Amino acid sequence: MSEMSFARLRDWTEPAHPAVIRLYEDLIQVYRSMRERQEEIDAAFDRVASQIGFVVTTTLPVRVQIAEKGAVKQVQLDGEALQGTIFEKELSGFLKQIAEKPFTGVPAGTYRFYLIWYNALKLKLRRDWLEPAHVLQGLLGSLVSPATTAVSASAIRPEVREPTHWFDPGVIIAMEDAVVISAIDEVYPELRLAERISADRLAIRRIRPEVMEPPHFRDLLGLKERDVLSEVRAILGKQRG
0 MSEMSFARLR DWTEPAHPAV IRLYEDLIQV YRSMRERQEE IDAAFDRVAS
50 QIGFVVTTTL PVRVQIAEKG AVKQVQLDGE ALQGTIFEKE LSGFLKQIAE
100 KPFTGVPAGT YRFYLIWYNA LKLKLRRDWL EPAHVLQGLL GSLVSPATTA
150 VSASAIRPEV REPTHWFDPG VIIAMEDAVV ISAIDEVYPE LRLAERISAD
200 RLAIRRIRPE VMEPPHFRDL LGLKERDVLS EVRAILGKQR G
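Residue numbers (numbering that gives the first Met the number 0): 0 to 240.
Treat the hints with caution; some may be incorrect.
Stated by the list, open to error - Derived pair list, reagent style DSSO-like, types lysine-lysine, alpha-carbon separation capped at 27 Å:
| # | residue 1 | residue 2 |
| --- | --- | --- |
| 1 | Lys100 | Lys68 |
| 2 | Lys72 | Lys95 |
| 3 | Lys123 | Lys88 |
| 4 | Lys72 | Lys88 |
What the hints assert, rightly or not - Cβ-Cβ distance ranges computed for the label pairs, FRET-style:
| # | residue 1 | residue 2 | range |
| --- | --- | --- | --- |
| 5 | Leu201 | Lys88 | 36 to 46 Å |
| 6 | Glu189 | Ala42 | 14 to 24 Å |
| 7 | Lys68 | Glu194 | 32 to 42 Å |
| 8 | Ile20 | Arg191 | 21 to 31 Å |
It should be emphasised that the hints constitute simulated quantities derived from the structure, not laboratory data. Since the model is a prediction, treat every value here as computed from it, not as a measurement. For each residue, glycine too, the CB sits at the ideal point set by N, CA and C.
Work out the full structure, taking the sequences as your base and the hints as a guide.
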């Protein structure tokens, strides 16, 4: 699905169901290709963490432009915040390798997906309690002394973040994000990502009234947040049925 299709999906200028299903099926193929090379991805993230001294992120956005027959025209880390960083340095070799191998079964277009540091993300999500989104961001914590962490952290731009807004009920999940979450869930089912996101968002909304945030006030006014993630999962469930 091309970037133009992404725009149509956001603006709802075409029937939502076909667009959602097409994007989902295309992303499934992209993530399957990445999972086949999971060891290489994990190794690159490991190198970054060992040089910085602590875990900054367990996912990184990538934008790939695919031509006919799955040939890769261009691939790069998505976002100016990542340009010239240690992430770009350590992952540049892997991205070049991606460009040399066609994406089987993926139509021509531009796709945005996440490289996943599987081992670290699995550790981050594997917990028996629910944490607020801002705590989830730093759940792994520092791997070295606070003094070293402070120095290392100064070299990391604040834009390089996990997609923690997925877990924040104060931020509505965009339609294309919901499709991405569902695709990751299909390829990495053991992470139970969609389930954890839904549970976390619900738990945060149940905070005591004296510490209410805007989404709670919307609830009081009867303006419930639109549950886009559940809508997408329902659409895909009907497709499977």
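### Query
When the hints from earlier in the document are held up against this structure, which numbers fail?
As far as the earlier hints go, not one is violated by this structure.
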